[in-house]
Amino acid sequence: MNIVRKQKLYIVAGFILVMGIVRGQMEMPLYSFQQFSNINFNPASIPVKDYVEGLLTSRHQWVGFKGSPKSQMLNLQGYVREIKSSFATTIQSDFFGPTYQLHFKGIYAYNFNIGVQNYITLGIGAGLIYRYFDGSQIITEDENDPAVERDIRHDVKPDFDFGAVLTLKNFTLGLSATHLTSFLYKSDKEFFVPGWGLHAYMQYDILIDEKYHIIPYLHAYYEDNFFQAEIQLRADLLDIFWLGAGYRWQDGMVFNAGFRIAKMVGIGYAYDFNLGSNKSSLKNKGTHEIMLHLKIDSYKNMGKSSETPRYFE
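Numbering that gives the first Met the number 0 applies: residue 0 is where the sequence shown begins, and numbers increase by one.
Some hints could be false.
Calculated pairs, DSS-like style, for lysine-lysine (alpha carbon to alpha carbon, straight line, at most 25 Å) [unchecked claim]: (1) K48 x K262; (2) K168 x K262; (3) K48 x K83; (4) K294 x K168; (5) K48 x K168; (6) K262 x K65; (7) K284 x K48; (8) K210 x K48; (9) K294 x K83.
Computed beta-carbon distance windows for the label pairs [unchecked claim]: (10) F94 x Q116: 37 to 45 Å; (11) F86 x Y203: 20 to 28 Å; (12) Y268 x F182: 34 to 42 Å; (13) G134 x P215: 41 to 49 Å.
Keep in mind that the hints were calculated from the coordinates and are not lab data.
In this text, a Cβ means the ideal position worked out from N, Cα and C, and glycines have one as well.
Full structure from sequences and hints, please.
The structure is reproduced here in structure tokens:
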């Protein structure tokens with residue numbers, strides 16, 4: 000296949016992806032460090048622990064493919080034991096070719112104690128999604144192609160999520176429904192409508208001893224007519240290092256590693272590479288993601304020992 004034909008194929012593939020986004024089909028960003036904080040898709044997933052937690056991650060997908068997705072996410076969360084309530088906020092920004100999206104949510108969750116270290120948590124998240132599209136950035140062989148939108152368009156939509164989490168000591172099961180306001184709109188009359196979604200995740204902390212843990216994590220979801228599932232396995236070593244690997248269904252492999260400073264700061268790096276048809280069609284150099292994870296004891300816990308010998312869970 001000659002170079003000119005390859006370039007035409009890439010233009011067609013990119014055009015199809017972009018026009019899907021214009022019609023509202025912008026898939027949920029995939030984060031390789033998702034297991035450290037799930038509040039962006041489940042508002043009930045805040046740990047029942049006396050600390051304030053923050054996750055900042057930046058992801059560059061399909062490196063080497065012009066206009067490839069770039070995503071950033073900031074999650075802040077904390078639990079107030081006196082009122083059995085959790086509060087959080089999540090902010091996400093996504094760039095994909097001529098499209099930019101900003102997503103903000105405030106979160107509240109209430110905890111029901113059903114035994115020693117056993118809980119049921121219900122949470123709600125409400126916020127806004129802003130999407131901007133600049134059609135003038137699309138380059139095609141025929142600049143007058145009527146099928147290509149060249150205008151600048153933008154809109155803001157309200158957003159609402161609901162989630163529930165069951166915690167049985169070291170086992171966690173979460174279920175949630177996202178973008179529930181999508182049912183208020185007709186997609187053929189709107190610039191974009193966030194597609195509703197259903198999410199499920201499971202995590203189990205296998206304690207080898209006080210300083211060695213193995214943590215399997217499974218996340219599956221259906222959102223905007225798109226299904227995805229991934230499984231990851233993380234090993235925490237000496238309360239200082241972690242190593243992880245996983246598989247994303249029909250997509251690729253995930254590898255990540257990181258270390259902790261004074262049990263409060265975690266720094267991580269992840270690399271994803273595509274398998275099969277995705278790798279050959281996009282000719283990308285994989286996906287890179289960096290992460291900063293913070294945990295700060297509440298003022299009442301300052302100077303006290305942690306509830307668990309392993310500070311990061």
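Hint check results:
no.: 1; hint: K48 x K262; verdict: holds, 15 Å
no.: 2; hint: K168 x K262; verdict: holds, 21 Å
no.: 3; hint: K48 x K83; verdict: holds, 11 Å
no.: 4; hint: K294 x K168; verdict: holds, 20 Å
no.: 5; hint: K48 x K168; verdict: holds, 12 Å
no.: 6; hint: K262 x K65; verdict: violated, 39 Å
no.: 7; hint: K284 x K48; verdict: violated, 39 Å
no.: 8; hint: K210 x K48; verdict: holds, 19 Å
no.: 9; hint: K294 x K83; verdict: holds, 19 Å
no.: 10; hint: F94 x Q116: 37 to 45 Å; verdict: holds, 41 Å
no.: 11; hint: F86 x Y203: 20 to 28 Å; verdict: holds, 26 Å
no.: 12; hint: Y268 x F182: 34 to 42 Å; verdict: holds, 39 Å
no.: 13; hint: G134 x P215: 41 to 49 Å; verdict: holds, 44 Å
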